[in-house]
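Quick note, the sequences are listed as chains A and B, same order.
Take 1 as the starting number for the first sequence in the numbering used here and just add one per residue.
Take 1001 as the starting number for the second sequence in the numbering used here and just add one per residue.
In short, the hints are calculated from the structure, not lab data.
One should not assume that every hint holds.
Chain A is nowhere near these chain B residues, computed Cβ spacing over 12 Å in every case [as the list claims (entries may be wrong)]: (1) Y1157; (2) P1162; (3) D1168; (4) V1193; (5) R1225; (6) A1230; (7) P1239; (8) Q1242.
Stretch-level coverage of chain B by chain A, calculated; a stretch enters the list once three of its residues show a Cβ under 8 Å from a Cβ in chain A [unchecked claim]: (9) 1009-1018; (10) 1071-1084.
Here are some, though not all, of the chain A residues that point toward chain B, as calculated from beta-carbon distances under 7 Å [stated by the list, open to error]: (11) L43; (12) L46; (13) L122; (14) S125; (15) R174; (16) A178; (17) I180; (18) S205; (19) W214; (20) P215; (21) A225; (22) G269.
Ideal Cβ placement from N, Cα and C applies to all residues, glycine included.
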Amino acid sequence: MIDILTALRAGIGRGLAAWSADVPPHSYALLRMAFGAIGLLSLAGLTPVSMFWALDGLSPLSADGTGPRAWLLAHGWGTLAGWAVFGALVAVFVALTIGFRSDVAVMLGFIGLVAQDHWNHLPLSSAHQVMIVLLFCLMWAETGGVWSADAYLAGAAAKGGAARAPAWPLMLMRCQIAIIYGSTGLWKLAYPVWRDGSAVHWALSLNVFHRVPWPVPASAAPFVAMLTWGTVLFELSFPVLVLFRRTRSLALAGGIALHLGLFAALELGPFSLIMIASYLAFLDPCTTARRFAPRDSGRQDHRSEVAAQDAGLASQ
Amino acid sequence: MTRHHLVVAFIVWHLVAIVIGAIPPGFSPSEPRDRPGRLGPVGDRVTASFDVLADGVEPVSRAVLWLTRPIQRYAASYRALTGLGQGWGMFSNPPQVDQYVRTRYYIEPGTRAAGRRRWIASQLVMPAHREDRVRLVTSYRNSYQDKAIALALEAFYQHREPALIRPDTRPDELPNDLAPIGRYFARQFQRTVLAGTDQRIVRIEVWVGNAPAPDLEGPTDRTGRLTRLAALREYFEGPVEQRLVVPPYPPYHGGEQEADIRWVLEYYEEP
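The shape of chain A in the complex, shown without the other chains (with noise of 0.2 Å):
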């Protein structure tokens, strides 16, 4: 009784510090890129922009006729506005991706897709929603300490010193990913048709999305029951097996053969890419910094560093 307390306490002794730990900065620029290419690439299904950005196009009318967005609309103004809005917010992801102003890049960023949302939610997933939270929570670190453009114009590169940034950020992120999928296999677990596994069929045969045009023959019934099932599970669990080094990447990769089949199977924008790559914040910073290090000049001393420090957060 006493060792499971000691380790229990151990353990929590050891997630506490690795959220008040500093990490090297590549995860964050990592995770940067990742999001600002793919917010690219939402915008560029976000077009034509007289679909989806001006205010005569999709978009809802004001019940009222009151508000900035049917003032503009009154003065002849939606269309430009929206070229206004959509022009922004490319600049604010090119910016992202190349890491510069990074720091004011990833808030902008943020408060854009919260400003996208307001401006037009109708053409927007979940998969914008999931951009949100993760932005958000990477706007509490410095992502622009390597492989920006803000890192080569300070000319961090050549003094081979890229500064390390607080890990918790990163934890947050990790626990915003994991109650995602806490929260969408509890959603599905509150539903029949997950229960009694037909659900995937279900999906599957949807006209708006199926990737291909045949139905799923009702002998492959046992397999998509399965995979019904076994969705759920792996939902629910995600939460539990992130927590844990050695089961980490089991569920990654459980995750990410997921996304893969989603991918495959049903027409979801961007969703699968933006979820593989939230994966990346459960990569080991150390790691990440050390695998990329031999590309950075003079970092000898520097990843010692890392490897000593960064010990106690990969061992959570």
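Since the structure of chain A is already known, use the hints to place chain B on it.
This is chain B only, laid out in the frame that chain A set:
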């Protein structure tokens, strides 16, 4: 209070707020069955196990929601303010029908075209991608159009009072959620098909079609599928024009049958 404590307080509050928002508000019970399911006894046992799991989880989630009731309003405000208010129930209850949306325009000739009659054109706007083709590249962009129409439809059904489902409902009584759909595609039609003429659209309608999705059990209804595709192929080629026999305006919520698609007039306006 130090910066460290502020960060800790923020993280704890943030996690509590998003966890509260992530819990489904209720669980739907399974319907009792009086015969073995399609997956046989093994499938029935697994289903029963999942039902037991759901029965065990539901009180826990209800308890968490009950315990956090005093802070739920603040948590919801925080989530709304920070744009984190999304639920994560993706595909939790997938529709068991195929859905279609079409717009219909009634066109009248202008003053220069004496003797010409009114005609109508119908355009399939959802799914944006031909459903008889593999979705590869262009379907990526089309998925945004489908999402926009699906969400507009969802909002329309939420806002429309049941009492409005009667033949003489006027357009100004209906919620305007489907207005952007009808207007946008009507404007496109005016710019492309009616360009250079003095014809004008005098009525815009939005029809929603439902058709049975492929059944879980039994063989696929191949004939039914082919008949539906034959009906849809006309739409795939572009707006379907009716010039010879022009029906009168249908009553609100009137229906039409095309193959196994049941169309219902959900919204209209007369610009």
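The hints, checked one at a time:
No Cβ of chain A comes within 12 Å of the Cβ of B/Y1157; the nearest lies about 14 Å off, and the non-interface call holds. Residue-level check passed: B/P1162 sits 19 Å from the nearest beta carbon of chain A, beyond 12 Å. Distance to chain A confirms B/D1168 as a non-interface residue, since its nearest Cβ pair spans about 23 Å, more than 12 Å. Separation of B/V1193 from chain A is adequate, the least Cβ-Cβ distance of about 17 Å exceeding the 12 Å criterion.
Distance check on B/R1225: its Cβ comes as close as 7 Å (rounded) to a Cβ of chain A, failing to clear the 12 Å threshold; non-interface status is violated. With a closest Cβ-Cβ approach of about 14 Å to chain A, B/A1230 is found to remain outside the 12 Å limit, as its non-interface label requires. No Cβ of chain A approaches the Cβ of B/P1239 within 12 Å, the least distance being about 17 Å, so the stated non-interface status holds. Distance check on B/Q1242: its Cβ is at least 24 Å (rounded) from any Cβ of chain A, clearing the 12 Å threshold; non-interface status holds.
Restraint check on the stretch 1009-1018 of chain B versus chain A: 4 residues with Cβ-Cβ distances below 8 Å, three needed, restraint holds. Counting residues of the stretch 1071-1084 of chain B whose beta carbon lies closer than 8 Å to any beta carbon of chain A gives 3, which reaches the threshold of three, so the coverage claim holds. About 10 Å separates the beta-carbon of A/L43 from the nearest beta-carbon of chain B, more than 7 Å, and the hint is not met. Satisfaction of the interface hint for A/L46 is found here, the shortest Cβ-Cβ separation to chain B being roughly 6 Å, below the 7 Å cut-off.
Because the closest C-beta pair between A/L122 and chain B is about 4 Å apart, less than 7 Å, the hint holds. Among the interface hints, the one on A/S125 holds; its C-beta lies about 5 Å from the nearest C-beta in chain B, closer than the 7 Å criterion. Among the interface hints, the one on A/R174 is violated; its C-beta lies about 11 Å from the nearest C-beta in chain B, farther than the 7 Å criterion. For the restraint placing A/A178 at the interface with chain B, the shortest Cβ-Cβ distance is roughly 10 Å, beyond the 7 Å limit, so the hint is violated.
Restraint check, A/I180 versus chain B: the minimum CB separation of about 5 Å is within 7 Å; hint holds. At its closest, the beta carbon of A/S205 sits 5 Å from a beta carbon of chain B; the interface hint therefore holds under the 7 Å criterion. Checking A/W214 against chain B: minimum C-beta separation of about 9 Å lies over 7 Å; hint violated. At its closest, the beta carbon of A/P215 sits 4 Å from a beta carbon of chain B; the interface hint therefore holds under the 7 Å criterion.
With its C-beta approaching chain B no nearer than about 5 Å, A/A225 sits inside the 7 Å limit, and its interface hint holds. Given the 7 Å rule on beta carbons, the hint for A/G269 holds: about 5 Å separates it from the nearest Cβ of chain B.
Of the numbered hints given earlier, the model fails hints 5, 11, 15, 16, 19; all others are met.
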